[in-house]
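Colleague: Under this note's numbering, the residue at position 136 of the sequence shown is numbered 136, and the numbers go up by one with no gaps.
Keep in mind that the hints are not guaranteed to be accurate.
To be verified - With beta-carbon atoms standing in for the labels, derived distance ranges:
id: 1; residue 1: 31; residue 2: 103; range: 37 to 45 Å
id: 2; residue 1: 59; residue 2: 106; range: 42 to 50 Å
id: 3; residue 1: 107; residue 2: 30; range: 13 to 21 Å
id: 4; residue 1: 90; residue 2: 146; range: 20 to 28 Å
Hints are computed from structural coordinates only; laboratory data are not their basis. Beta carbons: idealized from backbone N, C-alpha and C, even for Gly.
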Amino acid sequence: MRRQRGRTALGSLAAAVLVTAATACGGPFQDLGPLPPRFSGPPLPADAVVSEMTSVLAAEGITVARQPSEASGRCTERLTGRHAPGTVDSALRSAVERARSEHGWQAGPDLGHGALTLTKGNWTALTALPSEPAQGIESLVIVSLTCVDGGSPTAATTPAPAPTSS
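Hey, can you work out the whole structure from these sequences and the hints?
Modeller: Structure representation (structure tokens):
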């Protein structure tokens, strides 16, 4: 019985200390005004970003193709291609450095080992270093481009062709 009272008393004391510390250290929130914009300058159109990233990758020997955007109303693009497994890591790293030095892309958020990110204007480019494929198969390269805030994303992307009836 004494043990149970001791635990209850200790728990009450800890709760009182936490409440006192929380109310003593915290004051009313201060309004700091609106958040700064997420990017500076005018929004970049998807066609320009895709063209630039495609040419950067091609300069390093990686041929990619633009995939149709499946997300209507969102700024997303995907470039896919294949490259020799022995040199894909160095080619992707060189392409990232080329994009930074020659085209003004900045280092993006660090997502850990194996992910390379870049940002430019309202766009973020993300690619993962591919794992080792089966022998005789080229490595799959995927570059995902995401728009932060493009105002009118549907105007910035290439429209899908209308289906034709036969």
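Colleague: Is the gap between the beta carbons of residue 31 and residue 103 within 37 to 45 Å?
Modeller: 39 Å, holds
Colleague: Against the range 13 to 21 Å, how does the distance between the Cβ atoms of residue 107 and residue 30 compare: consistent or not?
Modeller: 32 Å, violated
Colleague: Okay, residue 59 versus residue 106 on CB: inside 42 to 50 Å?
Modeller: 19 Å, violated
Colleague: Mind checking the hinted window 20 to 28 Å against the Cβ distance between residue 90 and residue 146?
Modeller: For residue 146 against residue 90, whose Cβ atoms are near 25 Å apart, the range 20 to 28 Å holds.
Going down the numbered hints, you'll see the structure goes against 2, 3, while the others check out.
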